[in-house]
Amino acid sequence: MSDHSSLMPRRREMHPEPYWTDYKTSLTRSPNLPLLSMESTVSEETGPRFGHNLLGSLDNNLILNYSQGKELAIGERIRVHGCVLDETGRGVPHTLVEIWQANAGGRYRHVKDTYFAPLDPNFGGCGRTITDENGFYEFMTIRPGAYPWPNRANDWRPMHIHFSIFGHAFGQRLISQMYFQGDPLIDLCPIAATVRDRSQLDALVAPLDIQQSRGMDYLAYKFDIVLRGRRQTMFENKPEGM
Amino acid sequence: MVQKLTQWTETASQTAGPYVHIGCIPTFAGIEGVYPEDLGLSPISIAAKGQVITITGSLFDGTGWAIRDAMIESWQADGAGLYAGQVGADPNVSGFCRFAADKDTGEFILKTIKPGPVKNRDGKMMAPHISLWIVARGINIGLSTRVYFDDEDNSADPLLVRIEQGPRVDSLIAKKTAAWQYRFDIRLQGQGETVFLDL
Ligand SMILES: [Fe+2]
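In the order they appear, the protein sequences are chains H and D. In terms of my numbering, the first sequence opens at residue 1 and continues consecutively. In terms of my numbering, the second sequence opens at residue 1001 and continues consecutively.
Treat the hints with care, as some may be off.
Computed footprint of chain D on chain H; a stretch qualifies when at least three of its residues, placed anywhere within it, have a C-beta under 8 Å from a C-beta of chain D [to be verified]:
1. 9-20
2. 130-139
3. 181-190
4. 201-215
Because the hints were derived from the structure by calculation, they are not lab data. Just so we're clear, the structure is a prediction, and the values are computed from it rather than from any experiment. From the three backbone atoms N, C-alpha and C, an ideal C-beta is built for every residue, glycine too.
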């Protein structure tokens, strides 16, 4: 109801397994002991807010933002758009969405990425935007390439874009990845496989949205994101034990 | 049959991967000029009311190695226990910070003000604490924990009292090392494992 009711508990079974044998790094970075589960408190029900004045005009255009509008990044031009909503189905307005991705050849602009696909001098790989009053967002970018990674001897990441979303409460904080419809590497990827519920994995795959595509310009992909909701009740703000 | 519950399911998390810094703190990652500065450089501005403190620590994996590629976010109340956005909160405390471990030492540093005790919805007071959210390669869903302080009265904190094994409470308590300086190490797995939260 208000911003002062508790968050719905996280349905952990709908999230990845923290410890997943085929994703080797997870073996030493996942807690052995159970999480301490409690109802959310004010500390999780509040969170940072960011205003639209944070944004520069090219922040959500990864084709142009690294060269500051001077040159175009190389790759298949795509528009990624969608709605950020919560578990009650309502749009989450004015919330920060950040993305990062590899370039068209599957290479990140990062000192630790040593894959020999070339860097694109006009592609940085990060972007951000803030949802509008209805929760909608959009980015212009290029389709990232698939890339090999050191895990098992021949593992490849499907084409993907990393997403970071805030919501309005620190307890809603979420980082995930968007995959592309039809990519055969999704079903071979041990990171995608950490999500055990098939419909939850399907929900990470953005469909081609031909109606929102523009001839001679870009293809569109639609990716909606659902954050934790709040219980909708007036019965919570009461003295303890009542 | 019954009426359908019209509910959505939260989008599944995926690991932030090894390049999370590109997306969240690009300048730190060497990508300059896209944004004027990285988001969440400091949770306070100069005029923030309260005692400035420094928290130093490392994030250890199950082998005891201090990992270098995580990103940590902190969220805290102001010196009077109010969060940004709440009525009367200190306008000089955003309460939000992003930081990463130093690539050579593996240590992170959070410079902030000591938060005040926070009143929860039920009127109960929580001892001063800072919430942390940790993401990295190999972490499939972000890990939440809290930093409490060893020079505060934590005995009635509603979260700490829920931890059954007394010694595990210590994993959430920053240790004073000098005036206004604290040490807070996080252990992802194994011996001395940090208590991670689901709330
Ligand atoms: Fe990636």
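Outcome of the hint check:
no. : hint    : verdict
1   : 9-20    : holds (count 10)
2   : 130-139 : violated (count 0)
3   : 181-190 : violated (count 0)
4   : 201-215 : holds (count 3)
Checked against the numbered hints given earlier, the structure breaks hints 2, 3 and satisfies all the rest.
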